[in-house]
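Asks: For the sequence shown, the positions run 45 to 218 when our numbering is used.
Keep in mind that the hints were calculated from the coordinates and are not lab data.
Idealized CB from N, CA, C, for every residue including glycine.
Don't take each hint at face value.
Unchecked claim - Pairwise CB distance ranges, derived in the manner of DEER restraints: (1) ARG90 <-> GLY200: 21 to 29 Å; (2) LYS210 <-> ILE137: 25 to 33 Å; (3) LEU59 <-> ARG212: 14 to 22 Å.
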Amino acid sequence: MLNSRVLILFLIVVLAAATRFLPHPPNFTPIAAIALFGGAYFSDKRIAFVLPLAVMILSDLFLGLHGTLLFVYFSLILTIFMGFGMRGKVSFIPVLGGAIGSSILFFIITNFGVWISGAYYPKTLDGFILCYTAAIPFFHHTLAGTLLYSAALFGGFEFMQLKYPKLRYNKIQV
């Protein structure tokens with residue numbers, strides 16, 4: 045049976061994923077923040093992986109599929125692992141570092157996917173450099189979105205735990 049902590053965490057992740065359907069600048073999404081948050085707070089590692097990836101897959105089915113989704117999901121899996129490193133150590137600096145690190149990771153992996161799998165850039169060093177150079181204007185949206193959503197998710201849940209102590213992690217809970 046789901047306890048109140050897991051239910052609230054689930055709802056937070058689903059609500060954050062729903063914001064992908066709102067109008068937003070390119071790459072200003074909760075994707076990395078959801079993965080980082082899930083890794084940091086879900087004590088069951090299966091849920092930490094399955095829930096963020098499931099909400100991403102479901103929302104991608106509605107928003108549209110593209111050739112670099114595997115690279116996006118791979119970056120999310122690595123970000124979930126980053127969240128595991130934050131377990132029990134959630135505070136401003138780790139969340140800030142995780143948000144910045146996951147944004148950089150997303151940038152590197154997904155743009156490599158664009159270069160390697162698309163027809164936009166030649167498979168040369170010049171094409172590789174051109175691909176990453178063309179992506180730079182989108183990075184600030186990725187970083188800003190991840191910082192904002194990380195602050196909202198982590199800050200919101202930390203506040204909720206202060207207000208409702210029942211939401212705090214208990215080793216007896218799942």
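Asks: Looking at the structure, which of the earlier hints fail to hold?
Replies: none
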